[in-house]
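Put chain B on the given structure of chain A with help from the hints.
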Amino acid sequence: MKKKALTGILALVLVAMGILLWWMLPASEKVDFSTQIKPILNNKCISCHGGVKKNAGFSLLFEEEAFAATKSGKPAIVRGNASKSELIRRLHEDDPELRMPYQKPKLSEEEIDLLTQWIDQGAEWGEHWAYTLPEEVPVPQPSQEAGFLPNTNSFVQNDIDPFILARLEEHQLAPNNEAAPNILARRLALDLTGLPPEQSLFDRFSSGKLSYEKYIDSLLARSSYGEKWASWWLDLARYADTKGYERDAGRSMWQYRDWVIRALNDDLPFDQFTLQQLAGDLLPDPTIDQLIATAFHRNTMNNDEGGTEDEEFRTASVMDRVNTTFEVWQSTTMGCVQCHSHPYDPFKHKEYYKLMAFFNNTRDEDTWNEDPNLYFYNSSENAKVERVKKWVATYGTPELASQYANFLTFKEPVYQAHLSENFVNGELADTKWLALWDDGSCNLNNIQTHGATALYLHYRSRINGTTMTIKQDNAEGEVLANFTINKTDGNIIRKIPFKKVTGKVHLYIEANNDQIPPETSTSAITWFAFLPDLPGKRQSGYHAIERDFLELLNVKASTLPIMVENPSYMKRTTQLFERGNWLLKTDTVHPKTPGVLNSWQETWPTDRMGLAQWMVDKKNPLTARTLVNRVWHQLFGRGLVATIEDMGTQSDPPSHPALLDWLALRFMNEHAWSLKSLIKEIVLSGTYRQASISTPNLFEKDPENKWYARAPRLRLSAEQIRDQALAISGILSTKKYGPGVMPPQPEGVWQTVYNNEQWVESKGEDKHRRAIYTYLKRTSPYPSFLTFDAGSREVCTVRRTVTNTPLQALVTLNDPVYLEAAYHLAKSVHGKETQLAISEAYEKAIYKKITPQKLAALQDLYNTSFARFENDEKTVKEFLVFEEQASATLAALTTVTNAIMNLDEFLNKT
Amino acid sequence: MKDKLDKLVYEKVRRELEAQTRRHFIKQCATGMGSLALGSLYLGCGFPKKKEEKQTGFSERDLNPLATMAPPFAPKVKNVIFLHMAGAPSQLEMFDYKPELLKLHDQDCPQSLLEGKKFAFIRGTPKLLGPQANFRQVGEAGNWVSDNLPHFKQVIDEVAFLKAVHTDQFNHGPAQLLMHTGSPRLGRPSLGSWVTYGLGSENQNLPGFVVLTSGGKVPSAGKSVWGSGFLPSVYQGVQCRSQGDPVLYIEDPKGMSRDLKKSTIDAINTINKAEYATYADPEILARINQYEMAYRMQIAVPEVMNINNEPAHIKELYGIVPGKESFANNCLLARKLVEQGVRFVQLYDWGWDAHGTAKETSVDIGLQGKCQEIDRPMSALLLDLKQRGLLEETLVVWGGEFGRTPMQENREGKTQSYKGRDHHGDAFTMWMAGGGIRKGASHGRTDDIGFSGVDGRVSVYDVNATILHLLGFDHEQFTFQFQGRPFRLTDVEGEVIHEILA
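Line by line, the protein sequences give chains A and B.
Residue 48 in this note's numbering sits at position 48 of the first sequence, with consecutive numbering throughout.
Residue 1052 in this note's numbering sits at position 52 of the second sequence, with consecutive numbering throughout.
One chain only, chain A, in its complex shape:
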């Protein structure tokens, strides 16, 4: 009886629960595809039905696939009729062989209900939020209730805050108090300039003489702003001072780093910033700066290892450019699509190669010299350049004038030695230089000579008396050039008379020198170039111009690798690679952007410039969202979309979707792509100004600080930690720009094969430059930066994972640089009464008054240390190697400042 009663009660409860459920989930409520259905499909179905695998011919990746007939001949989803849909039937199936997901746990009732309702409602396919345009959203009005929450009134400082407040309310959280001015001063200075504030500026702000906004303006106006934010951008741009791979030789890239710093300081609007880096070379009459910007995509690695095939690594670079462009501007991982359609996101395999086609027509070919390079002439050389340009413009066509100007600016187009083939008695030496021996020959096919009467040859030789003959087609062909090669002083560019031929020709190249032993290279040729003849041959002054031109070509100028587009006669076709293998080429493809994103405007050129315009078109749903999300992440340590790498269907949903869209639109429209305005707006918010003080209770409610009921507390970056130590001890150099510097690092850190480059310690103030100027060798980055999570910049880095390790403690405790900084800080307060000295040193470092408890701890340390050093002059001298007047008191104080510079509050932004 009892049992029966219980069953009855249970039945009643179940019925009640059912009613409750029905009430909670009324059938009429429309199921949302993006937020309710897509996540189920992605997590439970798509690994077997979509992307790589399409089991039973069924895929849920694209709409047309989801409703198409499967292998059974029938579609798995029948719109408007869940009971007739095989998909639903299989979810309920009892036979484990038939029940889906196969060999995985059954879907929950809620999930099956949702899918059923969705199909019954017509199975409307929707788009993921990130692929639709940001929506115009009104700024939320704080509810009545919110006004009663503590701090709310003073919390709202600008339009960002109501968005934050709305979600705080939902989670029953109240914002924190505003942080004290001294805390805000340090936080803002670190966030905006990467450095702690200068004392005078700090004093003016904390005493109220400078308003919060004026303080921000003052920081944003400093050139240290560009130096700080450049670190972020250079991670994305994979900037380094070496080429990477085995030999990892140095490369001269620093002009690009300096361009980034300047562009940020000038607040170059982000759309321009984008256009110039992706396609500056394709702007009409690009300036030198616009050409420098294109080095963004020359930060790809370059393989100099002997025996490597340049085409393989050229292809790797081109793919890296596709992947990096999409990671940087679109929060999208295209890497997957190299080999197959994206497993989760609506990007198709072929679309990858269509994107690749935009990038596949640049002149760079993984050659050791990193051509094309931009040449930087000095002023007298520039005067010559102008003379030559003027001459060609006067006597030739505008097109010819630009050909000559380009050749002086970046020496393209040229035919690189690695294009030569069919070697007889000769080889591509070290897979780099064309080296023919006595009686040697090779072919160079499909060469456009422009009907020129001269060939420009880039080569070097250690041997006299080689006769070189260039014939058309083969050994029996017409002689086009015949010249002697003698010893050269290093590499030279020589102008050699050449018989006029029209159209593309095959060249047959011969070398003869019977005075040399067999298998000896007669010369090492880097490239061949043909330019239409210099005009004005009959004019007086022609010979001087001809000489100037050749002299300029041979100038030893500093260089920077840049992007240069192929001329029409050198265009490559782009083919799909089967499974991403560059040797298995299939269908030919043409440049096109992915279908799921914004549409293409006919007025855009189908090249990198068009791609860049598409990217910064206001209809692109991802560019502005990506940027504001990452700037937010820089300031709060967390993105509004927490997966800052990815906004695709597997990403986290935005914590504040409305704010993300509002900021994205505002960034494009009101701020006209100004990064400084965006940053300013965010740091003006009450959200940013909160104290980072928390309680275990609050921490527990929101451990990741997703709802911003407090300011984040974040460890400083590798660069900031070093710069801060040097800054507060007064030894930081303010010198800007120029080649990477080599501050002291332990002996023996650099050991690269086949590379004799050395870490040569910088002298004078170069030892104490800002971290951004430190030479970055990819295979061996500056060790203490690596310890604090800076990367080696081999590939695009969207996020530096912040870690907390004992090796970090060893750096700030023992690295001589930090000891030197501690000593300088100690010295600046030495001579004062001990407690006062300690308090002042603490305040200089932390920008806070010391508490009695902390002072007591440091005073203890001082006493212990003083007792240790007192009457031990030898140890004092060893410890303070920097100081001639070393004393026990200074040594003890240095121990204390060393401890201060290891405090958590020093290493963190609070």
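Simulated from the structure, these hints should not be mistaken for lab results.
Computed from a predicted structure; not experimentally measured.
Virtual Cβ for every residue (Gly too), placed ideally from N, Cα, C.
All clues stand as given, with none of them false.
Estimated spans, in silico, between C-beta atoms of each pair:
{"no.": "1", "chain 1": "A", "residue 1": "Met570", "chain 2": "B", "residue 2": "Arg1123", "range": "23 to 29 Å"}
{"no.": "2", "chain 1": "A", "residue 1": "Ser200", "chain 2": "B", "residue 2": "Glu1325", "range": "47 to 53 Å"}
{"no.": "3", "chain 1": "A", "residue 1": "Gly57", "chain 2": "B", "residue 2": "Glu1325", "range": "58 to 64 Å"}
What follows is chain B alone, placed relative to chain A:
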């Protein structure tokens, strides 16, 4: 105070774990490396399970990312010592005996073998080069080994050979990356990083993943072969050096005594505890822990790196050269490190790139020299591990990034002054020894001249899958979510090589 804090953190983590499904976890791994970077987030990323789940261990991992974790499956070994011969040793003068090749010495290589193949330096038609060493069958299993390795004959029955390993990379840098990170391009975590990420380390006073180099150079691919890629940098290999500080900045500055350092760290931690009381951020607790660990490491690292205190017979067994960087020293160090509970010890010995461009790089004289440098130490390592009972819980792996051609190198079409072989990825030899390995096994066979594998071919991915298997991981399940998708060491490849498992 500290106990309370620990308890608090532990409870927080436990609640989080209980509240969230595994899917949430996996997503969190990709997202929230921010405020609560260390600890709880990692737990859900891969599939390793925490030892003594739901006990106080959680707070330990929360504060210490190297805290020990148990693998998802019963492991055969706890530690790995990977001996990598950088530059690619010639299998044809060491383990892969090819009498037919000797008969064909100096004949033109058949065109059919060359078609569609790419070589780093060989051009045109090279000549076959017979083995430049004598071979014999030794041990109970009767495996072949050349006279270049006399000491190794004593331990050959401990070893299982893979005679037909292949790789699709034929340049050093990319091939080394493929071997150690599962991708020929940069940016992926290394094997050692995956393993320490998955298992933590047994010794909290030493780094969990130690790298030792010899031969005067680091491997071609540079430090990326022990990098942590997208895994947190705490899991990257720590290079311990023979000269200078064994670990960078491990030595106290001159004039700073141990006592004073202790006082310094005490003062720092006292203040940091006060800081925690205000900010309630567990990262502060983690930092307190790291400073304590740093202090202990300063003692433990120089101690373990000092091989002078080893007894004479051990020094002699390995043939160590005190005060110098040598493979012998590194083998002895490897034993000491795993004995102390270091999870993964990676040795790189540079100088195996026997192209024959000089005497040192010839496959006869030069290679004999290199073999002499490693023969005694690597044999001693196996013996020493065995006599200490450590071989049962340690996996020793030996190999290069690829092998060498049966043809004599004719760089740039020229005949070389010394006998050399070019890079060759089609077939090369590796061996493994230790727990879970079938002793005396030999898996895979190459054709008569050692050009290609004809039987039992295994890829570099298979080798990595097998190493992970022995450590208790399913290589297909051991993933890390990054850029919107799960990544694994073996990419989309790899099968466990059961033929060499006991």
